[in-house]
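Colleague: Given next are the chains, with one letter for each unit.
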Amino acid sequence: MSQAVPPVLSVQPSRALVDEKFSVQVENLPPGCPVTVRSLYQSEDKDFWEAYGHYVSDHRGTVSVSEDVSLGGTYTGKEQMGLIWSMRPAPGSREGLRLRKRDMCTPMLVTISVYRGHEDFRDQTALASALVERWHMAPGVQRIEVRERGVQGTLFVPPGPGPFPALLDLWGGGGGLQEYRAALLASRGFAALALEYLKADDSKPNSPGDKYFETAFEIIRAHPQVAPDRVGIIGLCFGTLVALSLAAEYPMIKPRCIVCLSNVHHKSRKNTVTEFPEEVPERFKTVGAMENVLVWRDMGLAVLKMQHPKIPVGNIDCPMLLINGTDDQNWPTVEVASDIIKMMREAGKESLVTRVDYPGAGHLIEPPFSPLFRATNFMLSGTRKKVMMLWGGKTKPHADAQEDSWRRILSFLQLHLYGDPSPKAKL
Amino acid sequence: MRWESSTRPAPLLTATPVRTLVDEQTCIKASFLPSNHPVTVCARMRSDEGDLWQSFAHYNTNSSGMFNLNSDHSVGGSYSGCEPMGLFWSMQPAPGEREGLRLRKKCVESPYTVQISLLEGHVSPNQDPGKEVAAVTAERWYMSPGVKRQEIRQNGLVGTLFIPPGPGPFPAMLDMWGMGGGLPEYRSSLFASRGYASFCLAYVGHKDLPGPSNTVNVGDSYFKAAFQFLQEHSQISADRIGIVGLSYGCYLTLHTGTLPGVKPACLIGINGPVGSSRELLHVNVTTKKSDQDQVFWSFDDQGYIIFKQTSLPSNLHPESIVKLEEITCPLMYIVGEDDLSASSIENADLIEKTLRAAGKSHLFTRLSYPGAGHLIEPPYSPMSRASFWVIKPEKLMTLWGGHPAPHAAAQEDAWRKMLAFMELSLRR
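Line by line, the protein sequences give chains A and B.
Heads up: take any position in the first sequence, counting from 1, add 32, and you land on the working numbering.
Heads up: take any position in the second sequence, counting from 1, add 20, and you land on the working numbering.
I should point out that these hints are in silico values taken from the structure, not numbers from a laboratory.
Note that CB positions come from ideal geometry on N, CA and C, so glycine has one too.
Worth double-checking, as some hints may not be accurate.
Not everything, but these chain B residues come out facing chain A in the computed CB check (under 7 angstroms) [unchecked claim]: (1) F52; (2) D148; (3) V156.
In silico lysine to aspartate or glutamate, EDC-like type, Cα no more than 20 angstroms apart, as pairs [stated by the list, open to error]: (4) K49/B / E76/A; (5) K49/B / E52/A; (6) K133/A / E76/A.
Start from the sequences, fold in the hints, and give me the full structure.
Modeller: If you want it as C-alpha cells, here you go:
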C-alpha cells in the first residue's frame with residue numbers, strides 16, 4: 033500500500049449515561065509514538081471545556097486509555113475516564129465556571145481526538161477523532177414539570193408501570209432548579225423530584241416550616257406511579273440541612289432513608305433553616321493569586337464551637353448515608369458529620385448512620401465523572417452579591433470520591449427503597 | 021388513599037447499556053423479584069412503516085429473586101436456551117400485523133425504540149397479556165454520533181455516502197444489495213460507525229435511476245464510476261477501497277472488482293452468483309409463466325417463489341461468469357446453507373475451485389453457516405424466512421430460507437468476521 037493508514041480512534045460505547053464509563057482506543061500509530069488524546073466539549077453556555085493526556089503507543093502502535101498510563105496533561109496515570117473528570121475551561125475562558133447541564137432531553141456531545149506529540153497539540157489538525165454522547169436521561173424516562181399547590185420542580189419517572197421508590201432531590205445554596213441528578217436517578221429506577229426552593233429571583237426562599245416541602249412530599253407520594261412509603265431524600269450542602277430538618281422535625285414527612293452530601297446541620301439564630309445562609313458572614317480570605325474568594329470553612333468551624341442552634345438529628349429514625357470530602361473549603365462537613373454521629377449516638381441511634389469521608393474531595397460532590405469545580409462564581413442569597421466561592425477538592429481524589437460515592441448511593445438507595453432490610457441491621 | 025404498611029415496589033428491570041449500535045449487545049437483568057418465580061420478558065418495537073414486531077421468553081428467577089439474560093436460559097417463547105440477544109433477533113410481526121414483512125430500517129439517523137417488559141408468570145403475550153410489572157426502554161442505533169450522511173446524485177450515480185467523524189482519510193466500502201432494489205443504507209451506516217467510509221449504491225428499482233424500475237438499466241461504466249467516486253473523494257484512501265454485495269449485489273461485487281482499472285483492496289460476497297443471466301435480471305415475476313421465457317424460478321406448494329435454481333452456475337450465462345482467476349485481492353464469500361433464494365453453496369464451490377486452479381487459494385476465505393438463509397444481515401436483527409417479493413399486479417411471497425436461531429448466530433459471527441477481514445485488508 034502506498035498511502036499510510038491514518039490512526040483510528042474509537043470510543044466504546046459512543047452513547048452512554050453520564051455515570052457509565054467508556055474506553056478510548058487509538059490504533060494504527062507508529063510504535064513508540066508520542067501522542068496526546070484530548071476531549072473537547074462546548075457547554076450550553078458556549079464555553080469550551082477540555083482535558084488531555086499524553087501517551088506513547090506500544091509496539092503494535094496502539095494506545096488504550098483504559099490500560100495505558102497518561103504521562104502528563106490534565107490527568108496522569110491509568111485513568112479510564114480522565115478525559116471527562118479532569119476537564120477544565122479551555123485557555124482563555126471566563127473565570128469561575130461550573131458545568132451543569134440544563135436540558136435533560138439532549139446529550140452532552142464530546143469530541144475525543146488524538147494529536148501527534150506532547151507539545152503544542154492545539155495548533156495541529158487532529159490525526160483522528162470521534163464523537164461521544166453522554167446522557168443524563170435514559171430513553172423512556174418521563175420528565176414532568178411540577179407546578180402545583182405552589183410547589184415548583186421537575187419530576188422524573190422511570191419507564192414502566194411502577195410503583196417506584198422515589199426521592200426528593202435537593203441542591204444547595206446556589207438555588208435554581210438543577211435537574212441532572214434527578215434525571216440520572218430516574219434512569220436508575222428511582223422516581224425523583226428535583227425541587228426548586230431557593231429561587232433565582234428576589235422572592236423569599238422556602239423554608240421547611242412553611243409547608244412547601246411537606247406539600248412537595250405529598251405530591252411525590254400521591255403520584256400514581258410512586259410507592260408512597262418508599263420515598264427518601266437526597267441533598268447536598270444546604271439540601272442536607274433541609275433533609276435533616278424534614279426528617280427530624282416534621283413527623284408528617286417520614287423519609288424512608290436520607291442521603292446527605294456535604295453535611296450542614298446548623299440553623300439560623302432564629303432557629304430557622306432558610307435564613308442560615310444569609311447569616312453566614314462574609315469573610316474574605318485571599319487564596320494564592322485569587323482575590324475576593326470566599327472561604328467559609330473556618331467560619332463553619334467557629335460556628336461548630338459556638339452554641340449555635342442545630343437540627344435535633346437525634347429525632348431521626350431512618351437510615352442515613354453521610355458523604356463528605358476532607359478538602360471541603362466551603363464548610364467543615366467532615367466535622368459536622370462527626371457531630372451528627374455524636375448526636376445520634378447520644379440518642380442510641382448510631383446504627384442508623386453510614387458515613388464515608390473522602391480524602392482530598394471538596395464540597396461539590398456530584399454524579400461521577402463530572403469535572404471538579406474548585407472555585408466558581410456564586411451569588412449570595414440575601415445580599416445577592418456576586419463572589420467567587422472556594423469549594424475545595426483536588427482533581428483526582430475528588431473524581432474518585434464522585435465515582436465511589438455514586439456507587440454507594442445507588443446501592444444504599446436500592447437496599448432501603450427497593451429492599452426490605454431488617455430495621456435493626458447495621459448498615 | 022393508597023397507604024399500605026409496606027407497598028411492594030416494582031421489580032427493577034434494566035438493560036445495560038440502554039443506547040447501543042445495533043451490532044452491540046445489551047444485557048437485560050432484573051432484581052427484587054420473588055425467588056424461584058416464573059416471569060416472561062417481552063420486547064416490542066415498531067418498524068419505520070409502523071408495523072409492530074415482538075418477541076417473548078420465559079425465565080425463572082433464582083433464589084435471590086434475580087435473572088440475567090447473559091447467563092440464564094429461556095425455557096420457552098420465541099427462543100430457548102441461553103441467548104443474551106434472543107429478544108432482539110427472535111422478533112416477529114405481532115398477530116394482526118400485515119403479512120409478508122421484512123424488517124429493514126429506512127431512516128438510519130433515528131434509532132429503533134424497543135420496549136422491554138416484564139410480565140408475571142409464563143404467559144404468551146398475545147393470548148393472555150398478564151400483568152406488566154416492570155419495563156425498560158432500549159434504543160438501537162444504526163449510526164454512531166458524528167457520522168455524516170450524504171445523498172449522492174452526481175455523474176448519474178444514485179447512492180448514499182456515509183463518512184466517519186474526523187479528518188480521515190478513511191478506508192472505504194462500496195456496498196450493494198440485491199434485485200429487490202431501492203437503497204438500503206443500514207449496512208453502510210454501520211460500516212461508517214466502525215470507521216469505514218461506505219457508499220451504498222442503487223442500481224435497480226430506484227426513482228432516481230434511468231429507465232423502467234423493474235430492470236437494470238446501468239452498465240459497467242456505472243459501477244466503475246461508483247468505484248472512482250470513492251477513489252477521488254478527498255477523505256477516502258484511494259487504495260483502500262473494498263466492495264461488498266449480497267445476492268445479485270454479490271455478482272456485481274465480483275464483476276466490478278474485475279473490471280479493467282478497478283483495483284479493490286478486498287471483496288466480500290454474500291449468498292450470490294458469480295455470473296448473471298436474463299432471468300436473474302428479470303424481476304417481473306408472475307404466477308403466469310410465458311412459454312417463451314425460460315425461467316428457473318419455481319413455486320412451492322404455498323405459492324412462494326423460490327429463486328434458488330436461477331443462480332445455479334450451470335444456469336448462468338457463460339459469458340457473464342466473472343473471471344475469478346484474475347482476482348488479485350482477498351475475497352471473502354459467506355454462505356447460508358439454508359439459502360433458498362440463491363445457490364450459494366454451488367457458487368462458493370465454483371469460486372473455490374477456480375481460485376485453487378489459479379494458485380490463489382490463499383486469497384479466499386469461505387464462511388459457511390448451517391441453518392442460515394439468504395438474508396445474512398447485520399447482527400441481532402430479526403429474520404424473515406419469507407416475505408413479499410412483489411405486491412403488484414398480485415401479491416407474491418418469496419422464500420429466503422433460514423431458521424431463527426442458527427440464522428442469528430450466523431449474522432453475529434459473519435459480521436464480526438467481516439469487520440476483522442476489512443480491518444486486515446483495508447487498514448494494514
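Colleague: What are the numbers of the hints the structure violates, in ascending order?
Modeller: Of the numbered hints given earlier, those the structure breaks are 2 and 4, listed in rising order.
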